[in-house]
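Undergrad: Build the full structure now, drawing on both the sequences and the hints.
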Amino acid sequence: MKLNSDVILKVSALTKSVKTDAKTLDILHPMDLTVIAGDSLAIVGASGSGKSTLLSIIAGLDLPSSGEVFLKNKPLHQFNEEQRSAVRARHVGFIFQQFLLINSLTALENIMLPAELAEMDNPEQLARELLAKVDLTDRAEHFPSQLSGGEQQRVAIARAFISKPDILFADEPTGNLDTKTGSHIADLLFEINKQQGTTLILVTHDPKLAARCQRQVTMESGQLTETVTDEPLGTEPLVIKPSLSTSL
Amino acid sequence: MSYWHKHSLRLLKHELKRGELTIILLAIVLAVSAVFALSGFSSRVKQALTAESSTFIAADRVLDTGSVIDPTVLAKATSLELIQAQQIQMSSMVFTDEKMALSALSAVSDTYPLRGELLVSPSLDASEAVASNSPKSGEAWLEAKGLRQLGIALGDSIEVGVMRFKVTGLITQIPDASFSVFSSGPVVFINNNDIQKTELIQPGSRLSYKYLFAGDADNITAFEQWFTPQLSDNQRWYDIKSQNSPLARALSKADKYLSLASMLGIVLASVAVAVASRRYSQRHQSVVAVFKAMGASKRYVSKLYCLHWSLLSVLSISLGLVVGYLILNLGLYAMRDYLDTSTTGNMAYPFLVAIVTGIICAFAFAITPLRELVQTSPMMLLRGRDNNAASSLFTRLMSPLPSLLAIFTLLYLFSQDAVLSAALLIGGMLVALVLLVIGRLFMSAGRSAGSKAGKSWHLALANLKRRANENAVQLISFTIAIQLLLIIVVMKNGLIDDWQQQLPDNSANRFLVNITATQVEPVNNFVDSLGIESSGLFPVVRGRLTKINNDQVTKRVSKEETKSADNGRRGVGRELNMTWRDGLPYENSLIAGSWWQPEDTRALVSIESTLADKLAVEIGDNLTFQLGSEEVLVMVSSIRKVNWQTLQPNFYMIFNQHVLADFPATYISSLYVPDDATDALQDFLTQYPTITLIDVDAIITQLRSVIGQVSIAIEFILLLVVLAGSLVLVAQVQASMEERERELAILRTLGASGRLLRNSVLFEFVALGALAGLMASIAMELGVYILQSRIFDMPGSFHFQYWLLGIGAGASFVGLIGLLSCWRLLNMSSVTLIRRTM
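Chains as they are written, first to last, in my numbering: chain R, 717 to 964; chain P, 8 to 845.
These are computed hints drawn from the structure, not numbers from a lab. A portion of the hints provided could be inaccurate.
Restricting the straight-line Cα-Cα distance to at most 20 angstroms, the calculated cross-link-like pairs of lysine to any residue (SDA-like) are [said to hold, decoys possible]:
1) Lys13/P - Asn838/R
2) Lys260/P - Ser50/P
3) Lys305/P - Leu779/R
4) Lys24/P - Arg855/R
TA: Quick look at the structure:
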């Protein structure tokens, strides 16, 4: 059993429901999840199964209706927006399906942004190193609209890693790309992830991409099930549902 | 430099370069430049016009008083660098060795007149007249009728009081000559240093001292503010506008129009800023969400956007001032032939007003969108929309508050009238609400009509219906913009028509006074022979109102009160000129009672309405008049509203024939004498030397020129307001661009042809524009009616011809702007469209 200090993300009895006019809609049913630092976890599931809602809560973008979320031992569920922003700035990186670069900033400036927000030294130098890593040195001064989809996602990857996050959340990172570019982007993502030893939480439809993660969990109608792989890749397999018990 | 500074500057720099801030920048630039140009221009026009029309009172301000004033007043005026002149006026007998006449004696100082020209000819040839100030000591100048009446020539002598004067000049034009056709005898000018030597000023003498002041507008105002609180009951302080003259009324209406146009221009420009700042906020939502997802706090984002918006505002306001300055000077240059713009205009005022407007526009209209912007949740990155945007009803109701407050402040700044501003604002809000409901109904109706029309129309109307909410907002701004433009156009034309009606080309330019009963026939024959237009002959009987019912009149109206309230017209308290008529005169209308039948044998009088109010006289009251040695008791049978602006003899009291027909009367008539008939008139008058001629041709010409200038100034202002209105339309169309881009991408992908898409976009905007035009026309009628009846004191009227203009201009302008704005999108390939919208 791992020590608490190695656990980067711990979710217990987390639920999310929204009130509509007439009734309350449960989007996430009670669930637990524990992720060890350095792991890669894929969350798979059909559209509307609640994957993105879960991602938004564990990344500190949204709050659960009940339950607890600890990220780097910080109780996100008790934090206000500002405190969660501070956690994101220090520990979290994002990659989105739609790249979400800021159109009016150049590739270089987009990459520098998280480092600057985290007040790191030499953000420009770091950004240039990462641009080289994603093979876009000559596109530093280009604006997103001047880049192809694959190039934009490479910039987004560089942006995600610049602040050396402890944990990286990737929401369908290849979803908007053709197969070949997608596969190239995935290689890049896993490669830099490995180099930096970042914990990776990946939301995807793509079974191939999910298979590249050490662990996979499936979301189905707001319920989370761990998929036990044939070859566990170094971490203890955890069965999350239905017992709600964890190995901790 | 901290990072929020850097990020702010970086965003601003790139966005400016990439043209993403063009619309908001243009909106503020236009608001500021329009306000600058409008306020600068209208204040310049007012200044120039007032300066020109001040020639009618020979000064910028006049103090009319019964006694000499304290020298400290004059010292104060001197300290404010005002130029001054004095004039002492009295009625006095003038003698020659053989004849005498009651003259209007005017003793003027060497600086007279301060404005306008006193034209004096050294010979009997009027064309040799030159601008002059005052006669030298011992000399006198007379009008032609004075020379005629006294039977003297230039070089002869006259006696005024105990002093002898040599007549050295023929007066051909007096700047502050009385408008009154009943003014007494010929004018005699002498130097005011001679007045003491005449020994005419004795205790109890009835004379009036006029102190004339002129100078820089600010100094005049400062002096006025200092002096007017000290005014005593027997002193009257006036400028050209407080004179009850046709010119003063024309000026006052022009003044109101210019203020109204400026106010509406400002409202339009601020609507443009409001629309553009909403769009600015929407466009930046995803940027804020990314910043927040990357860990930026709300405070950080707030600071970043405060700086971003402030810098943008400062840049736009500065640009606006430069553009406004250029437009103003361009306008003044274009009008240099029509308007004397050489007077030093006060540039500080438009600068100040424009900056304040810019700041109010930039902050008040942006505060709600900006507040919403910094509240953007990073969740929108995952969901594509901001769930937190669904704020409470209270917040939503409160959110337009800063904008409404800002509009109110701007309106108040310009009108200085809180009630008017609030009325305009609340009225505007109600109209907007009604428009919203009607607009939605129209759009629903359009959808069913569209299903029977062609494919493009069908798509266009379906689009209208589907975006009913957004379109309703667009519709309101289009409607308000078109409505305000229509109001400005309609009021402009109405005002100019109104003036032209008052001064038609053949309006009377000569008055014949003192026509005796025996001269009536020759005068009628003369007028008929030349075929010139005339008001007909009015008998004039002079008399004094002595009693109202059983009250002595002097108890109710003192002489001074009458004088001050009456704005200089001869009225009650002294002799009145009265007439009798069988029918109601032209441009007189009854507001109470009824007009008599010619055969009525009762003793009746019809009284002018303002005098009736002042005397608190009602229908059925009995008035007693002293006519010569006889007392006449008459009953008030009607109260008349008189249009004093008509150049025809007008009377406070009109009797029926039964009362006055037997009293000896002289007659008066007004004529339009064309240039080619003036010689014939002179010949006629030499046969009847006792008839007095009053020539108002010069005054009318000057009045026409002033009105012509105001009309041109108004056209220019209209152009600026149209510009502001167009920007609202552009900003509003631009605001829907992203949504349209997405839709076009989808339709393109589904295989819609370029022609279908182009037509559907065109038709959608045309339909929206036409609908806005129709609603604007209806709203315009309401607005114009209120303005005409409440503010401009004009009769209300309908303007169906402008409905076509509203609908046509709305459809074509909105259609064109819409199509042009979408043109780039429409010509993009499907792939580019799809990539842009992903």
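Undergrad: If a hint holds in the structure, say so; if it does not, say that too.
TA: Quick rundown of the hints versus the structure:
no., hint, in the structure
1, Lys13/P - Asn838/R, "holds (14 angstroms)"
2, Lys260/P - Ser50/P, "holds (14 angstroms)"
3, Lys305/P - Leu779/R, "holds (17 angstroms)"
4, Lys24/P - Arg855/R, "holds (19 angstroms)"
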